[in-house]
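Once you have looked at the hints, place chain P on chain D.
Taken in sequence, the protein lines are chains D and P. According to our numbering, the first sequence is numbered sequentially starting from 1. According to our numbering, the second sequence is numbered sequentially starting from 258.
One or more of the hints may lead you astray.
To be verified - Each computed EDC-like pair below joins lysine to aspartate or glutamate, with the alpha-carbon atoms no more than 16 Å apart:
(1) Lys148(D) to Asp133(D)
(2) Lys148(D) to Glu502(P)
(3) Lys50(D) to Asp356(P)
(4) Lys148(D) to Glu180(D)
(5) Lys220(D) to Asp24(D)
(6) Lys30(D) to Asp211(D)
(7) Lys50(D) to Glu318(P)
To be verified - Example chain P residues on the side facing chain D (calculated, C-beta under 10 Å, incomplete):
(8) Thr497
(9) Met498
(10) Val500
What the hints assert, rightly or not - Every beta carbon over 12 Å from chain P, so not counted as near; a handful from chain D, in silico:
(11) Phe27
(12) Ser91
(13) Pro107
(14) Ile122
(15) Ser144
(16) Arg246
Everything labelled a hint here was simulated from the structure, so no lab data went into it. Glycine included, every Cβ here is placed at the ideal spot set by N, Cα and C.
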Amino acid sequence: MAGEPIIRVEHLTAKYGERTIFDDVSFDVKRGEVFVILGGSGSGKSTMLKHMIGLYRPAAGHVWIEGEDIASAEGEARRRILRRIGVMYQSGALFGSMTLLQNVKLPLEEFTDLPADARDCIARTKLHLVQLDGFEDFFPAEISGGMKKRAAIARAMALDPELLFLDEPSAGLDPITSAELDSTILRLARTLGVTFVVVTHELASIYAIADRVIMLDQRKRGILAMGSPEELRDHSEDPFVRSFFRREALPEEVRSW
Amino acid sequence: MPGPEPHAARLEGHRDPRGGLVLQLAGRLDTASTGAVWREAMQLTRGGSAGDLFVDASGVEYCDGAGASLILALRRNQEAAGRGFTLRGLRPEYRQLLDMIAPAEHAPDEVPPHREGFLEALGRAALQLLADQRAFLAFVGELCVSLAAGLRHPRQIRFQDFLLVAERAGIGALPIIAIVGFLLGLILLFQSAVPMQRFGADIYAADLLGIAMFRELGPLMAAILLTARSGSAFAAELGTMKVNEEIDALSTMGLEPVRFLVVPRVLAAVLVVPVLTMVMNLAGLVGGAVVFTSFGYPLVTYVSRVLDAASAGDLLGGLVKSLFLGVIVAAVGCLRGIQTGQGAGAVGQSATSSVVSGIILIAIAEGVFAVIFYVLGW
Chain D
1 MAGEPIIRVE HLTAKYGERT IFDDVSFDVK RGEVFVILGG SGSGKSTMLK
51 HMIGLYRPAA GHVWIEGEDI ASAEGEARRR ILRRIGVMYQ SGALFGSMTL
101 LQNVKLPLEE FTDLPADARD CIARTKLHLV QLDGFEDFFP AEISGGMKKR
151 AAIARAMALD PELLFLDEPS AGLDPITSAE LDSTILRLAR TLGVTFVVVT
201 HELASIYAIA DRVIMLDQRK RGILAMGSPE ELRDHSEDPF VRSFFRREAL
251 PEEVRSW
Chain P
258 MPGPEPHAAR LEGHRDPRGG LVLQLAGRLD TASTGAVWRE AMQLTRGGSA
308 GDLFVDASGV EYCDGAGASL ILALRRNQEA AGRGFTLRGL RPEYRQLLDM
358 IAPAEHAPDE VPPHREGFLE ALGRAALQLL ADQRAFLAFV GELCVSLAAG
408 LRHPRQIRFQ DFLLVAERAG IGALPIIAIV GFLLGLILLF QSAVPMQRFG
458 ADIYAADLLG IAMFRELGPL MAAILLTARS GSAFAAELGT MKVNEEIDAL
508 STMGLEPVRF LVVPRVLAAV LVVPVLTMVM NLAGLVGGAV VFTSFGYPLV
558 TYVSRVLDAA SAGDLLGGLV KSLFLGVIVA AVGCLRGIQT GQGAGAVGQS
608 ATSSVVSGII LIAIAEGVFA VIFYVLGW
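The shape of chain P in the complex, shown without the other chains:
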C-alpha cells in the first residue's frame, strides 16, 4: 500500500494507571522502517519497567513480515518474563499475517542444542586428530599398495594422466624454478661473500653456495615450489571431482580413486622433482657466478671452487631427498583433494590445506634427512 507520502513507523510509550506499559504503534511497519522502532520498543519493554504490556496498533497503516515479527517478538518476551500481553486495534488483514507466522510457536520443541564444555571439546578435538592420523595412515598404506601394484603391472597405470601431469608440473614449472634458483644463488653468494670478504675468504663463498644448493636448497626450494604450484592444483582438481561426485562414480565403477587418480600424479611428481632440483641447482650456480665474477674473480676459479667443494655425493644425496619430497608433496595434495567436503568453499580449503600440510611435512622430512645423512656420514 504505497501511499503518496510514506509515513514512517512511529512509536509512543506511556504508563497506564495500573502500572502497565502502553505502546502505541503507528504508521508504516515495513522492512525499511521497523528497524528504528524495534530498538526503541525493545528498550522500553526490556528496561525492567515490568508490568503488563498493551500494544495499541490502531494507528498502523501498513504492516509486513517485519512489523508482524516485531509484535510477535514483544509477545514472546512478555510470555518469557511471565507477564501479560494484549494487542488491540490491529487491522484484520494484518492479524491474519500475524497468525500465519505465529504457529511456529506451537511447533514441538526441538531439543535445545547441547553446549559442549572445555573437556568435551578437547576430547572431540583429540579424537578428530586421531581420526585424521588414521585416515592419513590408511591413505599412505593404500598408496603404497597401489604403487607396488602399478610397478608390477605397469599397464594398469593411466599413462595419459601421468604424462599430462608430468608436463604441467614439470615443464610448466621450469621458468619459475629457473628464476627463483637464479635469484637464490645471486643473493646467497652476495650475502655470504660480503662478511667473508673481511677475512679475505670471499673466494670460499663459491664452496658454500655449491654445497648449500646441492644438499639443501635445491631440493627444498624445488619441493616448496612443487607444493605451491602442483600440490594445490592436485587438491583443487581432486576436490572438484569429489564435489561433482566423480570420485564416488569412480569407486562405484570399481576403480579405486587412489590407483586411478593418485598413482599417476605421485609418479609424475617423482619423475619431475629431480629434474626441477637439477634446474634449480644449475640456475642457482649461474646466479652465484654472476656475483662471483663481478667481484673480479675469473669464471674458471668459480667453477673449479664449486667442483672442488661439492662432491657428486652431495648432488646425489640432494636428488634422492628430492624424490621423497616429491612423493610427500603429491600425496598430500591428492589426500587433501580426496578429503574435500561439500561445496565450492571446501575446494578452496583443500587447496590451502594441501600447501600448509605440504610445507610442514617438507620441513619435517628435511629434519629427518639431515639426521639420516649425518648418521650415514654423507
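The following block holds chain D by itself, in its conformation from the complex:
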C-alpha cells in the first residue's frame, strides 16, 4: 500500500478576491508518509491546508482524496470523505463548553452507533495515546497550550482516520513539548500507518518527522522545492531553500530577491 498516493493535488489555484496566493500547484501525498508543507509567512501554507480539507473552494484545479474530489463533494459523499480525515487546527479548536473527554467523544456520538460505554472507552484510549490520562474531565480553558494541541490530535483521531492534517502543531510550544509532540506524531505514523500532512516551519520538527516536504513561496506563487529535508539542505540549487534548511541568513547577493 505504501507509496501509492492518498492525496493528489492537481493544478490547484487559490485566490483571495483578486490576489492569487498560489497558481497551478500539483503534488501527491503518499500513503503512510509524514508530508510537511512549509514556507514563509504569506506563502499560502494554511490556505493550502484549508483547500486540502475542503474548507475553501479552489479557484481552479482539484484536490483528490483517495480518488474523490473534496471540493465538489456534497452531502453524504462529503461526509464520507471527512470521516476518513482528522484535522488539528492551529489553536486546537476544542469546544470550550465540553470537557476533553466529551470533545473526543463527539465525533463518535455523531458518526457511530457504538454504545455509550464503548464510546467512553475509545475516547479514553485516544487521550491515552497523546498522554493525557487524568485530564479527561478538564475543560480546554483549564489546560496548557501544548495539552490543547495534543487533545486536539486525540479528537482528530477519534474515528481512526487514515489521514491527519496538523496546522502548525509546534507553534507557540516550548522545545520539550514540541519534541514530545513530534515523537507522538512519529509513533502514530509508524505504528498505525496514519498519513500525516503537517504545516509547520519549525526546522527541528521538520528534520524529526518529515519524510518529504514541499516549500511554498510567495513570489513564485507555488512550489519552490520538494524533497526530503536532507536532500533540500544538501543539494538544493536554490540559495533560499539551502539557507532555510541550514538555518543561515540569506547570502547578501540574494537578499533583494
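Relative to chain D, chain P alone:
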C-alpha cells in the same frame, strides 16, 4: 550615547552663494528630539526655495532611526523634485545606519494601489449587498432543511445545548421581561387615561391596554429584549467559535454548523418566546391595574373591561407572531456569528450587527403581520 547633558537637536539653514540651500544639523537626533527639527527642515525645503540641498551633519552627536529617517526623507523629497542632494560630515557609524534603512528604496516598486472611483465603489457596494442577500438566503434555506430534518429525526438535535440555551434565554430573561412589561403597562395606561379622562372615557384605557399588549406590544417587546439579550449572545458565542476555528473544526468533522449550533438555538428561542410574551402581557396588565385602581375604579372593573375588549384571538395572534419573531431573532444572531471575520474586534461587530439587523427585521415582520392580520380580519 547619553551624555551628562543631553543636547537637543538643532537646525540652521542658510543660502549658499550658488543658490542652493545648506542645512546644518547638530546635536542629538533621536526619537525624542527629531520631531521639532523635522517640521522645520521640511518647511525650509518645501517652501519652493528650490535649488540643490546640502546637508551638513558634522555637528550631529548622536543619530538613531528617527534622525536617519529625517535625512532619508530630505533626500527622497529632493530626488522626487529632481534636485540635487549632498550629505556631508555624518559620522561613519551613522552612515551605516542610514545605509541599513536606505536599501528599502531599491526594492522593486509595488504596483501603486488602485484608487477606486465613485461608480466603481457603488458597483462594489451593490455586489456586496447582493452577496449578503445571497448568503442570507442560503442560510435561511439551510436552516429550513436542518429544522425539517431535526423534526423528522429528533435524536439529531443536540438537546443538551437546546436546554441550556432555553434556560439562559428564557428563565434568565424573566426578571427584565417582568420589569419592562410592568412599567410599559403602567405608563401606557396612565398616558392614555389622562387625555381620555377629559371625555369621561378613562375606563376604556383598560380596553386599550389589553388589546395593545396582546396584539402588538407583548410580542414586540419580548422579541426586542430577546434580540438584545440572546441574539447578541448567540452572535458573540458563535463568533468566538469562528475566530477559534471551532466552526471550521465542526465542518471538517462533517457536522454542519447550522444543524449543530443554529438549530438548537432557534428551537430554544421558539420555545421561550411565547412564554416571554405571556409574561410580558401579564406584567403589563398588572402595571395597568395599579394605575387603573389608583384612579378609584375597583379591580373587578379592570378585569372585566380587559376580558371584554381583548379576545382570545388577539392573544393567540400575538403568540403566533411571537413565534416567528423568535425564529428571526435567533437566526439572525446565529448568522451574524457564523459570518464573523477574524479577530476579537470582529466578534464585537457581529454582536452589534446582530442586534441592529434583528431589530430592523422585527420591524419589517411587524409590518407584514399587520397586513396579514388585516387581510384575515383578525
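Subject >> Enumerated hints in conflict with the structure, sorted upward >> reply: 3, 7, 12, 13
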